[in-house]
Amino acid sequence: MRGILSDRMGAALLMAPLLLFLVLAYAWPFLGVVKWSVTLPTPGLGQYGALATDPLVQSVFIRTLRIALIVTLVSVAAAYAITVVWVRGSPVQRVVAEFCILVPFWISVLTRAFGWVALLSNRGLINTWLQSIGFITEPLALVRNEFGVIVGMTHFLIPFAVFPLASAMRSLDDRVLLAARGLGSSRMRTFWSVFVPMTRSGIIGSALIVFVFSLGFFVTPAILGGGRSVMIAELIYLRIFQSPDWGLGAAISVVLVLFVGALMALLFRYVRPKQLV
Amino acid sequence: MQQPGRAAEIKAIGIGKSFGSFRALDNLTLDIGRGEFLTLLGPSGSGKTTFLMILAGFVKPSDGRLFSDGVDITERPAEQRAAGMVFQGYALFPHMSVEANIAFPLKVRKKSAAEIKRRVGEMIERVGLKGHETKLPAQLSGGQQQRVALARALVFEPGVLLLDEPFSALDKSLRGQMQAEMKRLHQETGTTFVFVTHDQSEALALSSRVAIFNHGKLLQVGAPDEVYDRPANRFVAEFLGEINMLPLKGVRSADNGAVGLCEDRAVSLRGNADAVSGNAILAIRPEHMSIAREATVGENGIAATAIASTYLGAATRLDLTTRQGARVTVSVPNEVAAAALSKGNSVWLTWPAEKGFLLPDGG
Chain B
1 MRGILSDRMG
11 AALLMAPLLL
21 FLVLAYAWPF
31 LGVVKWSVTL
41 PTPGLGQYGA
51 LATDPLVQSV
61 FIRTLRIALI
71 VTLVSVAAAY
81 AITVVWVRGS
91 PVQRVVAEFC
101 ILVPFWISVL
111 TRAFGWVALL
121 SNRGLINTWL
131 QSIGFITEPL
141 ALVRNEFGVI
151 VGMTHFLIPF
161 AVFPLASAMR
171 SLDDRVLLAA
181 RGLGSSRMRT
191 FWSVFVPMTR
201 SGIIGSALIV
211 FVFSLGFFVT
221 PAILGGGRSV
231 MIAELIYLRI
241 FQSPDWGLGA
251 AISVVLVLFV
261 GALMALLFRY
271 VRPKQLV
Chain G
278 MQQPGRAAEI
288 KAIGIGKSFG
298 SFRALDNLTL
308 DIGRGEFLTL
318 LGPSGSGKTT
328 FLMILAGFVK
338 PSDGRLFSDG
348 VDITERPAEQ
358 RAAGMVFQGY
368 ALFPHMSVEA
378 NIAFPLKVRK
388 KSAAEIKRRV
398 GEMIERVGLK
408 GHETKLPAQL
418 SGGQQQRVAL
428 ARALVFEPGV
438 LLLDEPFSAL
448 DKSLRGQMQA
458 EMKRLHQETG
468 TTFVFVTHDQ
478 SEALALSSRV
488 AIFNHGKLLQ
498 VGAPDEVYDR
508 PANRFVAEFL
518 GEINMLPLKG
528 VRSADNGAVG
538 LCEDRAVSLR
548 GNADAVSGNA
558 ILAIRPEHMS
568 IAREATVGEN
578 GIAATAIAST
588 YLGAATRLDL
598 TTRQGARVTV
608 SVPNEVAAAA
618 LSKGNSVWLT
628 WPAEKGFLLP
638 DGG
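Protein chains in written order, with our numbering: chain B, 1 to 277; chain G, 278 to 640.
Hints were generated in silico from the structure; no laboratory data involved. Hints may be right or wrong, so weigh each one.
As the list claims (entries may be wrong) - In silico SDA-like cross-links for lysine to any residue, where the CA-CA straight-line distance does not exceed 20 Å:
#  : chain 1 : residue 1 : chain 2 : residue 2
1  : G       : K384      : B       : V176
2  : G       : K388      : B       : S186
3  : G       : K412      : B       : S186
4  : G       : K449      : G       : K460
5  : G       : K460      : G       : K384
6  : G       : K384      : B       : R187
7  : G       : K526      : G       : P637
8  : G       : K384      : B       : F195
9  : G       : K384      : B       : T190
10 : G       : K449      : G       : E434
11 : G       : K632      : G       : E576
12 : G       : K632      : G       : D476
13 : G       : K387      : B       : D174
14 : G       : K388      : B       : R200
15 : G       : K337      : G       : L307
16 : G       : K337      : B       : V151
17 : G       : K412      : B       : R200
18 : G       : K384      : B       : L177
19 : G       : K384      : B       : V151
20 : G       : K387      : B       : R187
21 : G       : K412      : B       : P197
22 : G       : K337      : G       : K388
23 : G       : K388      : B       : W192
24 : G       : K412      : G       : K337
25 : G       : K337      : G       : E352
26 : G       : K337      : B       : W192
27 : G       : K388      : B       : M188
28 : G       : K388      : B       : S193
29 : G       : K384      : B       : I240
Since the structure is predicted, the reported quantities are computational estimates derived from the model, not experimental observations.
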């Protein structure tokens, strides 16, 4: 290859099969979806107009954003704590943290969702236990509502939030933390005014990944929301498979993809590793 | 650990540090005087940086006690010692402006906003960073970052300023400039400075005293001229600069010094001969030797042959061998070197009695 093709060309050629696959498997069908959105049931932008006015669609959009936002905040905060232990803890703590981060990846999302149902339902472990110690008399509504969805999604997404944080924390220069302490700053103060700001790029990256993931969640909200806490992906499913309204389903898909695309563009702008650290 | 604005006096007694089976520092006892500029000099792995980290409180010694102004601070954590510290690579806060970096130690001390503003302003003026207040460290040159690091470490008027190879990343001309600046800051603040370097010329140029380390041991402490002219052992002699070593036999004390036989010629020395008798090494710095046409009675000298010369601009470095095969280097005026090489290469090496010193044989 050398001398005939530049390194860049060589790399492009190596990636070509993957790109071709992505185009055939995602981009091409997506163009079909775009086409439905402007042709079904009649040609025109009518479905997009409906999107803007349909109160059901709007309430689902708002609920999805709200859930995604809460899940993002909770997941990133929890992941931050776990990552600090994983990256900066003692050897034993590191192993334990790594185990906690990796184990969830071995269990399917479906299994985990049903696991949460078993824990959170009216006759689930938590309610039974709380009743048996006399803390509550009526079971708490922990599942088949937004709370259940948020718990399940947060649990699923924490491990994904860990990795961008870990890479930011690993690239941090320890001497800067020593410097802060040497200048008289307590450990607490050093953490909040030096460590956290210096891992900003990781926090942004982690939050964007979790947020984008949350927007398209299907299985977890479908099971833990029990049909009452419908999110966008489930709405699209309903429009395509149950109340055949392919045009509206397609239009919602297109808006979702564009929104996620914009967020991804933001992600790549912020999480170029060298740029911020 | 100190009253603000007052230089600290530090006493290290029997300090040792082991990392596993590696002895990084062994039984170090050292007094650092109030307002002194002490340099810790040694090759990498010699223990100098470990000692600095122990002074800062980042590393806990395995043995020994550390006192500051008579108070035992061995167990005191770094943030309560609050020695000013300048790190290798500066360790500035990358997300804070120049101003915020310098204000940091005052903020953690909960000074009033007005006081912080005033003192940061003064410090920025003092280190010549006016006009750069709102820039981030990444937007500054190496020399400017260095100034921010110095300002940040000095703004809270620490009793002692610790510097860990602060100039290693700077180019040569900038280095000279920053050295001069640091000397000025030392005089202006009157604070005790403890400076780590592996560069002997830097150590000699800056310090009031130099402490030389090797293999975790403190070998010698003294004023720059003291350690340069009267090194305690061969390592110190060689580490501080080029040195010629000639075997000396039959050493014995004489009037204010010693006499011995160097390549079968009687030579005399002044000073440090009391500890040595019998065989020893005679050490002389290259710049203290000169070339003569022939021997003069009563003057130290041996015969040698010039074998090579290196032109250094201001002087020429001449490599010679003695009759018994010892290698000698001298630094001589350019024309002397040319003459020595031209006339059959055979010359006479001389040196003043007070410039030679004895090192134990084999040590």
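Results for each hint:
1. K384(G) x V176(B): holds (17 Å)
2. K388(G) x S186(B): holds (16 Å)
3. K412(G) x S186(B): Violated. K412(G) to S186(B) sits at ~26 Å, over the 20 Å cutoff.
4. K449(G) x K460(G): holds (17 Å)
5. K460(G) x K384(G): violated (27 Å)
6. K384(G) x R187(B): holds (15 Å)
7. K526(G) x P637(G): It holds: about 12 Å lies between the C-alpha atoms, which stays within 20 Å.
8. K384(G) x F195(B): Holds: K384(G) and F195(B) sit about 16 Å apart, inside 20 Å.
9. K384(G) x T190(B): The hint holds at about 12 Å.
10. K449(G) x E434(G): violated (29 Å)
11. K632(G) x E576(G): Between K632(G) and E576(G) the Cα gap is close to 12 Å, so the pair holds against 20 Å.
12. K632(G) x D476(G): violated (24 Å)
13. K387(G) x D174(B): violated (25 Å)
14. K388(G) x R200(B): Violated: K388(G) and R200(B) sit about 27 Å apart, past 20 Å.
15. K337(G) x L307(G): holds (17 Å)
16. K337(G) x V151(B): violated (44 Å)
17. K412(G) x R200(B): Within the cut-off at roughly 19 Å; holds.
18. K384(G) x L177(B): holds (16 Å)
19. K384(G) x V151(B): violated (40 Å)
20. K387(G) x R187(B): Since the Cα atoms of K387(G) and R187(B) sit roughly 16 Å apart, the hinted pair holds (cutoff 20 Å).
21. K412(G) x P197(B): holds (17 Å)
22. K337(G) x K388(G): violated (30 Å)
23. K388(G) x W192(B): holds (19 Å)
24. K412(G) x K337(G): Violated, at roughly 36 Å.
25. K337(G) x E352(G): holds (8 Å)
26. K337(G) x W192(B): Violated, at roughly 25 Å.
27. K388(G) x M188(B): holds (18 Å)
28. K388(G) x S193(B): Holds: K388(G) and S193(B) sit about 17 Å apart, inside 20 Å.
29. K384(G) x I240(B): violated (60 Å)
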